[in-house]
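Protein chains in written order, with the working numbering: chain F, 136 to 250; chain E, 7 to 120.
Quick caveat, the hints were computed from the structure, so don't treat them as lab data. Possibly wrong hints are sitting among the right ones.
What the hints assert, rightly or not - Below, in silico cross-link-like pairs of lysine to aspartate or glutamate (DMTMM-like), each with a Cα-Cα straight-line distance of 20 Å or less:
1) F:K218 x F:E149
2) F:K179 x E:E23
3) F:K213 x F:E203
4) F:K179 x E:E11
5) E:K62 x F:E203
6) E:K75 x E:E23
7) E:K112 x F:D221
8) F:K150 x F:D221
9) F:K213 x F:E237
10) E:K112 x F:E203
11) F:K213 x F:D191
None of these values were measured; they are calculated from a predicted model.
Below are the chains, spelled out letter by letter.
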Amino acid sequence: EAGVAQSPRYKIIEKRQSVAFWCNPISGHATLYWYQQILGQGPKLLIQFQNNGVVDDSQLPKDRFSAERLKGVDSTLKIQPAKLEDSAVYLCASSLLRAGQETQYFGPGTRLLVL
Amino acid sequence: SQQGEEDPQALSIQEGENATMNCSYKTSINNLQWYRQNSGRGLVHLILIRSNEREKHSGRLRVTLDTSKKSSSLLITASRAADTASYFCATASYSGAGSYQLTFGKGTKLSVIP
Numbered sequence: 136e137a138g139v140a141q142s143p144r145y146k147i148i149e150k151r152q153s154v155a156f157w158c159n160p161i162s163g164h165a166t167l168y169w170y171q172q173i174l175g176q177g178p179k180l181l182i183q184f185q186n187n188g189v190v191d192d193s194q195l196p197k198d199r200f201s202a203e204r205l206k207g208v209d210s211t212l213k214i215q216p217a218k219l220e221d222s223a224v225y226l227c228a229s230s231l232l233r234a235g236q237e238t239q240y241f242g243p244g245t246r247l248l249v250l
Numbered sequence: 007s008q009q010g011e012e013d014p015q016a017l018s019i020q021e022g023e024n025a026t027m028n029c030s031y032k033t034s035i036n037n038l039q040w041y042r043q044n045s046g047r048g049l050v051h052l053i054l055i056r057s058n059e060r061e062k063h064s065g066r067l068r069v070t071l072d073t074s075k076k077s078s079s080l081l082i083t084a085s086r087a088a089d090t091a092s093y094f095c096a097t098a099s100y101s102g103a104g105s106y107q108l109t110f111g112k113g114t115k116l117s118v119i120p
């Protein structure tokens, strides 16, 4: 079974530029998550999708971050404009999310450096 | 905000020894999960323990959960160099409208010396 795919793996941009990350979840997984992991910390949930609808985006900085999941499969996360403090690894995860199936499967992440 | 707090922050042991990591949390949970993250890679799920369970085993892993103390521990027996990684506990809770949140701690960095 193929895992969660993410691209690009690395990205370096200057502050105030925009950037987009892509995620392809495991086939059949209805739930998709985006996390931000700052160096030395654990991942922090940014947004949760169930199929193509947003379930929870309470921790997403909506003035600069946006995310979508068209057709309930792939997802993109965008930052515009980027700030220095956005330097982090952005992780995508997916799960079946039904009783007994709460495990989240993570992609390799996109490492973002904002200069 | 981070709910789980792992202790210790870093742990260095010899190959073959046991490693114990602890996690404390603040609010009620549905389940608690442990993940491993190797340097520069994504997180890998290790084990899940539900709020009505007290102990669970998986291979060389043993997890305990004490909901009265809001704490959990992860024991890795007979450690190997390949166990070198950061270990995170994550508390899981449901909150309205189908939201299922995993809240991670800062992790314990384990180094296993060959």
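Could you tell me which of the hints above the structure violates, numbers in ascending order? Of the numbered hints, 2, 5, 6, 9 and 10 do not hold.
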